[in-house]
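**Q** Chains as they are written, first to last, in the working numbering: chain A, 1 to 426; chain B, 1 to 316.
Please note: incorrect hints may appear among the correct ones.
[Said to hold, decoys possible] Here are the simulated SDA-like cross-link-like pairs (lysine to any residue), alpha carbons at most 20 Å apart as the crow flies: (1) 121(B) x 315(A); (2) 197(A) x 204(B); (3) 52(A) x 298(A); (4) 197(A) x 201(B); (5) 197(A) x 191(B); (6) 28(B) x 41(B).
[Stated by the list, open to error] Residues from chain A shown here face chain B by an in silico Cβ test under 7 Å; the list is partial: (7) 170; (8) 197; (9) 271.
[Stated by the list, open to error] Pairwise CB distance ranges, derived in the manner of DEER restraints: (10) 207(B) x 189(A): 46 to 52 Å; (11) 88(B) x 51(A): 54 to 60 Å; (12) 226(B) x 345(A): 44 to 50 Å; (13) 108(A) x 88(B): 38 to 44 Å; (14) 269(A) x 73(B): 29 to 35 Å; (15) 123(B) x 166(A): 39 to 45 Å; (16) 112(A) x 76(B): 43 to 49 Å; (17) 185(A) x 27(B): 48 to 54 Å; (18) 210(A) x 316(B): 56 to 62 Å; (19) 166(A) x 89(B): 57 to 63 Å; (20) 217(A) x 211(B): 33 to 39 Å; (21) 316(B) x 72(A): 43 to 49 Å; (22) 256(B) x 189(A): 42 to 48 Å.
Keep in mind the hints are simulated off the structure, nothing from the lab.
These numbers come from a predicted model, not from an experiment.
Note that the Cβ used here is the ideal one computed from N, Cα and C, for glycine as well.
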Amino acid sequence: MTLTFINAMLIDPEAGTQTSGALQVDNGTITYVGATLAPPLKDANVIDCQGKCLAPGIVDLGVKVCEPGERHKESYRSAGRAAAAGGVTTMVTRPDTAPAIDNPETLEFVIRRANEAAPVNVVAMAALTKGREGREMTEIGFLMDAGAAAFTDCDRVITDTKVFSRALSYARSLGALVIAHPQEPVLSAGAAATSGKFASLRGLPAVSPMAERMGLDRDIALIEMTGARYHADQITTARALPALARAKKNGLDITAGIGVHHLTLNALDIADYRTFFKLKPPLRDEDDRVAVAEAVASGLIDVISSMHTPQDEESKRLPFEEAASGAIGLETLLPAALRLVHAGVMDLPTLWRALSLNPARRLGLPGGRLEAGAPADLVLFDPHAPFVLDRATLRSKSLNTPFDGMRMQGKVRATYVAGKSVYEAA
Amino acid sequence: MHFPHRHLLGIEQLNQQDITTLLDLADKYAELNRQPEKHGDALRGLTQINMFFENSTRTQASFEIAGKRLGADVMNMAMQASSIKKGETLIDTAMTLNAMHPDLLVVRHPQSGAVDLLAQKVNCAVLNAGDGRHEHPTQALLDALTIRRAKGRLHRLSIAICGDIAHSRVARSNIMLLGKMENRIRLIGPPTLMPSQVADFGVEVFDDMAEGLRDVDVVMMLRLQRERMDGGFIPSEREYFHRYGLDAQKLGAAREDAIVMHPGPMNRGVEIDGTLADDINRSVIQDQVEMGVAVRMAAMDLLAQNQRAARSAVAS
Chain A
1 MTLTFINAML IDPEAGTQTS GALQVDNGTI TYVGATLAPP LKDANVIDCQ GKCLAPGIVD
61 LGVKVCEPGE RHKESYRSAG RAAAAGGVTT MVTRPDTAPA IDNPETLEFV IRRANEAAPV
121 NVVAMAALTK GREGREMTEI GFLMDAGAAA FTDCDRVITD TKVFSRALSY ARSLGALVIA
181 HPQEPVLSAG AAATSGKFAS LRGLPAVSPM AERMGLDRDI ALIEMTGARY HADQITTARA
241 LPALARAKKN GLDITAGIGV HHLTLNALDI ADYRTFFKLK PPLRDEDDRV AVAEAVASGL
301 IDVISSMHTP QDEESKRLPF EEAASGAIGL ETLLPAALRL VHAGVMDLPT LWRALSLNPA
361 RRLGLPGGRL EAGAPADLVL FDPHAPFVLD RATLRSKSLN TPFDGMRMQG KVRATYVAGK
421 SVYEAA
Chain B
1 MHFPHRHLLG IEQLNQQDIT TLLDLADKYA ELNRQPEKHG DALRGLTQIN MFFENSTRTQ
61 ASFEIAGKRL GADVMNMAMQ ASSIKKGETL IDTAMTLNAM HPDLLVVRHP QSGAVDLLAQ
121 KVNCAVLNAG DGRHEHPTQA LLDALTIRRA KGRLHRLSIA ICGDIAHSRV ARSNIMLLGK
181 MENRIRLIGP PTLMPSQVAD FGVEVFDDMA EGLRDVDVVM MLRLQRERMD GGFIPSEREY
241 FHRYGLDAQK LGAAREDAIV MHPGPMNRGV EIDGTLADDI NRSVIQDQVE MGVAVRMAAM
301 DLLAQNQRAA RSAVAS
């Protein structure tokens with residue numbers, strides 16, 4: 001089937017351009033991108049984009065779907081629908097389920113479920129250590145054969161450096177990507193907030209932002225030692241940035257990501273103990289938020305993701321310290337990230353590099369590009385359309401979004417996966 | 001009397017006028033409490049439930065006496081022993097009690113923000129009797145009343161708060177209240193017991209007692225909350241007493257008429273010298289306990305008045 005988009009604002013993160021033009025899709029693949037529709041129009045479905053933006057679909061690195069174990073919080077079907085509505089064409093899922101995805105059999109189950117139920121691409125990650133307990137490495141080779149895109153214990157830090165260094169060495173021999181959560185685990189134990197005036201005022205147990213740099217410093221030393229391919233899941237503090245820049249400059253195979261919430265919210269948003277704002281790592285000061293937003297603009301931080309973490313009402317309706325961490329984000333990633341564009345921190349192609357091109361490249365996926373031969377995973381959106389978010393309208397099974405009731409800008413008009421429409425706005 | 005609040009959750013929500021209103025009424029109750037016939041009827045017919053999720057003898061007794069003197073039916077619930085052990089959540093417990101139509105809920109909880117959370121779910125007046133490290137408003141109010149009565153004013157005083165500031169809700173509420181009333185506040189303690197960026201609260205921070213206590217009018221000692229500590233905040237009790245325990249010699253740096261306060265219960269020989277604590281010329285620790293009852297009577301009276309007014313507005 002052929003699909004032709006005309007009158008589109010084409011966002012090309014690879015070229016760094018934003019130009020009006022047309023795009024043609026045939027058989028699930030982009031066949032033509034250009035200023036005018038030069039090749040003769042075949043019997044094609046023509047979509048007039050009316051000047052709205054057409055970009056490669058978002059590749060969301062680090063989505064938690066609660067299968068197996070807690071399907072009531074989020075299933076592949078509900079997450080997939082949310083992703084489609086949010087312009088996310090590839091979900092890269094986390095293994096921090098209960099039980100953890102730490103063996104080939106569980107991974108195969110997950111991939112099968114995902115293919116049955118989700119309308120978007122799903123790429124699964126597996127745990128780096130068994131049960132994410134930081135003691136024994138998983139069957140990295142078998143898991144790669146079964147389709148694991150990367151290996152991560154998610155927000156659990158492997159405290160035993162011997163275990164971690166061996167896992168990194170072993171992963172290196174297979175060319176596997178390891179994703180870690182840089183955080184000094186002892187210093188951050190028991191913390192519910194970032195230390196500073198706000199946490200002091202609210203009387204919350206807090207961790208110094210320095211714990212992130214300490215964790216990153218350790219990991220960098222281990223990468224230097226082992227030569228492993230490494231991605232830091234979230235770099236959220238200014239003080240960690242120089243270490244990251246140095247490691248990149250020294251030629252280590254390191255990249256870094258950040259969750260969109262840390263780019264758009266700060267510790268003050270927690271206000272009167274609002275548990276939907278309880279994240280891991282905790283929200284930072286405004287100075288840190290500004291610094292990491294600039295680091296995304298400069299390319300030092302490579303990837304923005306939603307860090308989609310569904311939690312049910314019961315686990316959030318608790319005193320702040322006891323409440324579960326995490327927020328959903330598949331459907332709000334695009335409008336939240338667009339705040340950075342509207343605030344003038346970066347342009348659309350730069351944002352799309354972090355949302356789509358960089359995560360695809362890092363995982364060796366074909367998406368993230370807007371050129372002939374690339375898969376037709378596309379999102380059509382209006383970056384300016386304003387709305388007030390009502391969490392009841394979201395498609396996730398869990399509704400723990402910090403953006404409820406907030407004004408946002410940027411609406412997805414349609415999402416395509418391999419040239420097929422998976423979402424169209426009403 | 002105008003006191004535009006439904007709950008007493010913290011000092012943060014109060015302004016100067018609210019604080020003065022409360023203290024003026026408490027002054028009257030302090031007089032009533034000294035009479036042989038101590039009964040008022042401000043809370044007659046009302047039900048007061050004390051929910052203490054954390055051990056307390058003094059505060060709970062103070063709230064209980066305050067309620068009974070004003071004619072309320074008072075019930076104490078020791079929450080550690082009951083449903084919490086059975087896995088009931090805080091909100092479920094609150095909803096259950098709410099269905100029994102209490103008028104006043106007095107709540108203490110070991111976690112910061114827990115009382116705010118509970119107040120959102122019930123339709124009676126909630127008084128915070130201490131939440132985690134966050135606030136303990138009636139303690140700050142009784143401290144303020146004690147200071148006002150001893151010093152004749154509650155502004156332009158130099159007040160030192162000493163000891164374990166980091167783990168203390170008493171310190172936070174006092175910093176807010178005394179700051180709102182335009183006093184000069186000094187915090188003294190080892191850096192391991194100071195909250196981060198505390199200087200941003202408009203206070204001066206010292207780690208040396210002699211320097212910090214110089215010429216102050218009021219010395220507020222805090223309990224060293226040993227049970228809260230993960231360990232390793234101070235080298236030993238004896239070194240702590242040597243450097244930060246209040247004794248006659250350290251108090252020498254303060255003004256001659258400086259008063260000594262302590263929220264209790266005291267660790268004699270850890271944060272305060274026993275003899276000094278008992279010195280009736282300097283220590284107002286017993287007055288603090290007395291004012292505690294008066295302040296709690298005033299707070300519950302004002303909240304009950306607001307509740308009655310709101311109910312009759314709905315009825316008419």
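**Q** What hints, given by number in increasing order, does this structure fail?
**A** Per hint list: 3, 7, 9, 10, 14, 15, 16 and 19 violated.
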